[in-house]
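Chains as they are written, first to last, in the working numbering: chain A, 988 to 1193; chain B, 988 to 1193.
Please keep in mind that the hints were generated in silico from the structure rather than gathered at the bench.
What you are looking at is a predicted structure, and each value in this text was computed from that prediction instead of being measured.
Fair warning: there could be bad hints in the mix.
[Claimed, not checked] Straight line, CA to CA, 35 Å or less: simulated DSBU-like cross-link-like pairs of lysine-lysine:
| # | chain 1 | residue 1 | chain 2 | residue 2 |
| --- | --- | --- | --- | --- |
| 1 | B | Lys1044 | A | Lys1044 |
| 2 | B | Lys1044 | A | Lys1034 |
| 3 | A | Lys1044 | A | Lys1034 |
| 4 | B | Lys1034 | A | Lys1044 |
| 5 | B | Lys1044 | B | Lys1034 |
| 6 | B | Lys1034 | A | Lys1034 |
There are 2 protein chains.
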Amino acid sequence: MSSPAYTRLENDERRRQLVALGERLFTENAFDEISMAAIAREAGISKALLYHYFPSKRDFFAATLAEGAEALRLAVEPDPDAAPAEALLASLAAYLRWVEEHRDSYAKLMRSVATVREARELVDQVRDLTAQRVLDGLAGGSGAPLPPTARIAVRGWLWFLDGAILDWLDGGDVAREELLGLLVGTLLGALTAAGAGDLLQAAADG
Amino acid sequence: MSSPAYTRLENDERRRQLVALGERLFTENAFDEISMAAIAREAGISKALLYHYFPSKRDFFAATLAEGAEALRLAVEPDPDAAPAEALLASLAAYLRWVEEHRDSYAKLMRSVATVREARELVDQVRDLTAQRVLDGLAGGSGAPLPPTARIAVRGWLWFLDGAILDWLDGGDVAREELLGLLVGTLLGALTAAGAGDLLQAAADG
DNA sequence: CGTCTTGTCAACCAGCGGTCAGGAACGACG
DNA sequence: CGTCGTTCCTGACCGCTGGTTGACAAGACG
Chain A
988 MSSPAYTRLE NDERRRQLVA LGERLFTENA FDEISMAAIA REAGISKALL
1038 YHYFPSKRDF FAATLAEGAE ALRLAVEPDP DAAPAEALLA SLAAYLRWVE
1088 EHRDSYAKLM RSVATVREAR ELVDQVRDLT AQRVLDGLAG GSGAPLPPTA
1138 RIAVRGWLWF LDGAILDWLD GGDVAREELL GLLVGTLLGA LTAAGAGDLL
1188 QAAADG
Chain B
988 MSSPAYTRLE NDERRRQLVA LGERLFTENA FDEISMAAIA REAGISKALL
1038 YHYFPSKRDF FAATLAEGAE ALRLAVEPDP DAAPAEALLA SLAAYLRWVE
1088 EHRDSYAKLM RSVATVREAR ELVDQVRDLT AQRVLDGLAG GSGAPLPPTA
1138 RIAVRGWLWF LDGAILDWLD GGDVAREELL GLLVGTLLGA LTAAGAGDLL
1188 QAAADG
């Protein structure tokens, strides 16, 4: 009599299609600038089907984030055999490389940090982990306990990192290696000011 | 026959009452955690009256911010007669003092930065102004143009500032003067790494 | 053919920010 | 005392949001 009212898709295929669409839409629009109804319309399906695949809008957003987050985590994973300072340097370089290649995703993530709990948790996790790694690397270099200012220095430096990267992406007038030098130099300066500069040196030498 | 259905208040008095209530509620809850209906309920008035006094929720939020923002701006205003480096130091110290005295407001502001355009504009304004002041102070110390890395260093440092302050408020284990030293030392370190450390020295000496 | 699972949709819900026509309080005036 | 006008105030409503429900269509299997 007529063409079918809709076409069935395999579960996984539909899911992949929706995640891919979400990656695009959430990069073009901020989290609350686009409604689930609009997303469903764009996908050519009903809103209810979208909710069939993802229990909530935030879950959907998190799903569009997950793939990239995993890739980033792998890229940044430090080499356990290298000296702490070298491992940090390598991770940092990998981080910048990833950001440069996925600048839209990175900007999206930073923009949504305060709005979406999932995004905030992701960034916080990465910050906590990184800060802990840096502090461990420092403390491992000597037996002395770290002053609390060292903690503030490292955690503040992670903010510096993201702020500098955002400005770097915005400006486009600085090479990646140059930024890397600025980041490392600033960490050194912050740790020196925190009274833990010698530990960094020791960690670098050791 | 019966008691009045509601009591009338003078325009200004009602407005003050609402702003005071907003300051409390927005400190206890994030911007989108509390609805205008709930605020009106808390104030014992109708939602329409709330909208009679403030054209939108964001305007209402901005009104609750305005008083503190103005006080902060005054406190941070640098002494035009002082040398750039000293003026910066004084402003920074005033900033920390203000944050310590209004930690709830500060945390509220930082939490709402990405959600509320008005808050974002406020923080951006302060950052831009501060960055410009610092850069001008540096450039004034010599005729040489600043490298783009210096811009990134200063703007990144402002992120460091807020990140460090949040951690500082969280920890409570570091004195204000110590934090001040860390901040100044980090700026010095960042500018040195950006190849503009000599300019800072010149500005401090000049 | 029937039946069972899976995929789909229209219609609906409570709550949101925001609007509007009109009622109720109160000071002024006869 | 009445009543009148100003101004402060309200209940009902709007379009939209994220999220839910129940019924039905498509295809696989016997």
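Results of checking the hints against the structure:
With a CA separation close to 24 Å, the supplied pair Lys1044/B and Lys1044/A stays within the 35 Å bound. Distance hint between Lys1044/B and Lys1034/A is fulfilled; the C-alpha atoms sit about 29 Å from each other, no more than 35 Å. Between Lys1044/A and Lys1034/A, the direct Cα distance comes to roughly 11 Å. Compliance with the 35 Å bound is thereby established for this hinted pair. With a C-alpha separation of about 28 Å, the suggested pairing of Lys1034/B with Lys1044/A holds against the 35 Å cut-off.
With a CA separation close to 11 Å, the supplied pair Lys1044/B and Lys1034/B stays within the 35 Å bound. Between Lys1034/B and Lys1034/A, the direct Cα distance comes to roughly 31 Å. Compliance with the 35 Å bound is thereby established for this hinted pair.
In this structure, none of the earlier numbered hints is contradicted; all agree with it.
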